[in-house]
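There are 2 protein chains.
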Amino acid sequence: MMEYNVLPLAKLIEQFERLPGIGKKTAQRLAYFVLQLSTDDAKEFAEAIVNAHDKIKYCKICKNLTDQDLCYICRNNSRDKSIICVVEDPRDVVALEKTGEFFASYHVLHGAISPLNGIGPDQLYIKELLNRIRSEEIKEVIMATNPTVEGEATAMYISKLLKPLGVKVTRLAYGIPVGGDLEYADEVTLSRALLGRSEI
Amino acid sequence: MMEYNVLPLAKLIEQFERLPGIGKKTAQRLAYFVLQLSTDDAKEFAEAIVNAHDKIKYCKICKNLTDQDLCYICRNNSRDKSIICVVEDPRDVVALEKTGEFFASYHVLHGAISPLNGIGPDQLYIKELLNRIRSEEIKEVIMATNPTVEGEATAMYISKLLKPLGVKVTRLAYGIPVGGDLEYADEVTLSRALLGRSEI
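For the protein sequence lines, the chains are Z and G, in the order given.
With this note's numbering, letter number 120 in the first sequence gets 910, and the count goes up by one each step, no holes.
With this note's numbering, letter number 100 in the second sequence gets 890, and the count goes up by one each step, no holes.
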């Protein structure tokens with residue numbers, strides 16, 4: 791294929807095209823926008839990418855994103871550490887925090903069991919969750935995986951592992967629309983779902 | 791506003807949010823994607839931004855984008871330099887080149903006259919176009935500005951300046967887009983297509 795754009799621009803377009811949900815035309819539009827930024831702004835953008843990538847790691851306890859050893863929730867002593875809310879993704883933590891009604895702790899699995907995509911329990915942070923429940927004083931585990939087939943299966947799988955440990959396991963109420971994505975639920979729906987949680 | 795994301799991530803999301811047509815949710819999705827890139831890929835992305843920004847400048851002759859003094863079209867001696875196609879944006883050059891049927895040269899105005907947006911003739915590369923016509927042997931200037939109010943006004947303005955210089959000025963044909971549906975063509979386009987009809 792012949793390349794009509796000058797090389798550094800073509801490379802930048804290519805980079806944007808690799809982003810999820812960004813097509814050829816949008817990638818071109820974004821690249822041209824970057825060209826029109828001030829030099830400082832362009833540098834800031836580039837640094838933000840490298841910085842985010844270099845500095846962010848997983849919290850040693852809950853596997854949430856953090857730039858320190860522990861995330862800001864695990865560092866916070868006023869949070870109720872005896873309740874763990876299990877989510878698939880760090881974005882779900884952000885969504886739940888935005889309800890302003892949850893003051894316990896989290897555990898981020900970083901995915902859901904999905905045999906079709908080759909993701910089994912071993913690729914998720916399930917072992918680490920079990921270790922927390924064995925070593926900390928945990929009263930309740932709230933399964934807040936997505937209301938999808940994979941999320942459900944993951945919740946069921948984990949709850950079966952947790953039952954023998956004598957911990958109460960609950961599931962978010964179906965205030966959240968079935969087949970939806972936790973990340974996109976609105977705050978009110980999410981708080982309803984938290985309030986209506988039931989034992990599994 | 792309370793920030794629920796860890797700072798380097800929040801900063802990256804903010805950077806993506808500044809891009810045109812990228813909302814909060816999309817910015818978050820893109821930032822998380824970047825986090826999951828390999829370190830090398832993230833660096834490559836960052837470098838592509840800085841590189842494109844630093845290396846790309848305007849061609850000394852036609853104001854198209856280039857990383858050298860002259861763009862690849864102006865450097866190409868097999869192109870017909872006696873015909874200049876005037877466009878608003880470097881992306882229009884790419885679009886016309888893709889037809890594979892245009893072998894002359896270009897002149898990029900970098901915008902269109904738009905009093906509402908405070909863009910007058912002096913902010914465009916019109917003076918440079920006039921200089922080219924005075925100093926080079928130009929037979930024809932094709933006005934290929936957009937078929938919008940601003941593009942039309944710009945084409946009219948420039949053609950008035952060019953007429954006294956004794957150069958032939960043409961305008962891209964208006965009509966129904968190939969592969970389109972007559973039913974969905976707007977009235978103005980249809981009447982232009984009727985006016986511009988040719989014998990078969």
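Simulated from the structure, these hints should not be mistaken for laboratory data.
There may be inaccurate statements among the hints.
The list makes no distinction among identical chains, and a pair is therefore deemed to hold if it is satisfied within one copy or across any two copies.
To be verified - Here are the computed lysine-lysine pairs in the DSS-like style, where the Cα-Cα straight-line distance is at most 30 Å:
hint	residue 1	residue 2
1	Lys871	Lys833
2	Lys929	Lys871
3	Lys958	Lys833
4	Lys871	Lys917
5	Lys888	Lys814
6	Lys814	Lys929
7	Lys888	Lys815
8	Lys953	Lys917
9	Lys847	Lys815
10	Lys845	Lys801
11	Lys845	Lys871
12	Lys871	Lys850
13	Lys847	Lys801
14	Lys953	Lys871
15	Lys888	Lys801
16	Lys833	Lys814
17	Lys814	Lys801
18	Lys850	Lys815
19	Lys801	Lys815
20	Lys953	Lys814
21	Lys801	Lys871
22	Lys950	Lys801
23	Lys847	Lys929
24	Lys850	Lys814
Checked hints:
When the C-alpha separation of lysine 871 and lysine 833 is checked against a cutoff of 30 Å, the pair qualifies neither within a copy, at 41 Å, nor between copies, at 37 Å. In this assembly of identical chains, lysine 929 and lysine 871 lie within 30 Å of each other by CA distance solely inside one copy; the values are 9 Å within and 80 Å between copies. For the identical chains of this complex, lysine 958 and lysine 833 are neighbours neither inside a copy (50 Å) nor across copies (45 Å), given an alpha-carbon limit of 30 Å. Taking the closest pair of Cα atoms, lysine 871 and lysine 917 come within 30 Å of each other only inside a single copy of the chain (18 Å); across copies the shortest separation is 70 Å, beyond that limit.
In this assembly of identical chains, lysine 888 and lysine 814 lie within 30 Å of each other by CA distance solely across copies; the values are 14 Å between and 34 Å within a copy. For the homomeric pair lysine 814 and lysine 929, neither the shortest alpha-carbon distance inside one copy (51 Å) nor that between copies (36 Å) is at most 30 Å. In this assembly of identical chains, lysine 888 and lysine 815 lie within 30 Å of each other by CA distance solely across copies; the values are 14 Å between and 34 Å within a copy. In this homomeric assembly, lysine 953 and lysine 917 come within 30 Å of each other (Cα to Cα) only inside a single copy, at 15 Å, whereas the closest approach across copies is 79 Å.
Proximity of lysine 847 and lysine 815 under a CA criterion of 30 Å is satisfied inter-copy only: 22 Å between copies versus 33 Å inside one chain copy. When the C-alpha separation of lysine 845 and lysine 801 is checked against a cutoff of 30 Å, the pair qualifies both within a copy, at 25 Å, and between copies, at 12 Å. In this assembly of identical chains, lysine 845 and lysine 871 lie within 30 Å of each other by CA distance solely inside one copy; the values are 26 Å within and 52 Å between copies. In the homo-oligomer, the alpha carbons of lysine 871 and lysine 850 lie at most 30 Å apart inside one protomer (14 Å), although the nearest pairing across protomers, at 65 Å, exceeds that limit.
For a Cα distance limit of 30 Å, the shortest separation of lysine 847 from lysine 801 qualifies both inside one copy, at 28 Å, and across copies, at 15 Å. Taking the closest pair of Cα atoms, lysine 953 and lysine 871 come within 30 Å of each other only inside a single copy of the chain (19 Å); across copies the shortest separation is 80 Å, beyond that limit. For a Cα distance limit of 30 Å, the shortest separation of lysine 888 from lysine 801 across copies, 18 Å, qualifies, whereas the shortest one inside one copy, 38 Å, does not. In the homo-oligomer, the alpha carbons of lysine 833 and lysine 814 lie at most 30 Å apart both inside one protomer (24 Å) and across protomers (22 Å), since each shortest distance falls under that limit.
In this homomeric assembly, lysine 814 and lysine 801 come within 30 Å of each other (Cα to Cα) both inside a single copy, at 12 Å, and across copies, at 25 Å. In this assembly of identical chains, lysine 850 and lysine 815 lie within 30 Å of each other by CA distance solely across copies; the values are 27 Å between and 41 Å within a copy. For a Cα distance limit of 30 Å, the shortest separation of lysine 801 from lysine 815 qualifies both inside one copy, at 14 Å, and across copies, at 25 Å. For the homomeric pair lysine 953 and lysine 814, neither the shortest alpha-carbon distance inside one copy (50 Å) nor that between copies (39 Å) is at most 30 Å.
Taking the shortest Cα distances, lysine 801 and lysine 871 sit within 30 Å of each other only across copies (29 Å), while inside one copy they are farther apart (47 Å). Taking the closest pair of Cα atoms, lysine 950 and lysine 801 never come within 30 Å of each other, the shortest separation being 49 Å inside a single copy and 40 Å across copies. For the identical chains of this complex, lysine 847 and lysine 929 are intra-copy neighbours only, at 28 Å inside a copy versus 63 Å across copies, given an alpha-carbon limit of 30 Å. For the identical chains of this complex, lysine 850 and lysine 814 are inter-copy neighbours only, at 28 Å across copies versus 39 Å inside a copy, given an alpha-carbon limit of 30 Å.
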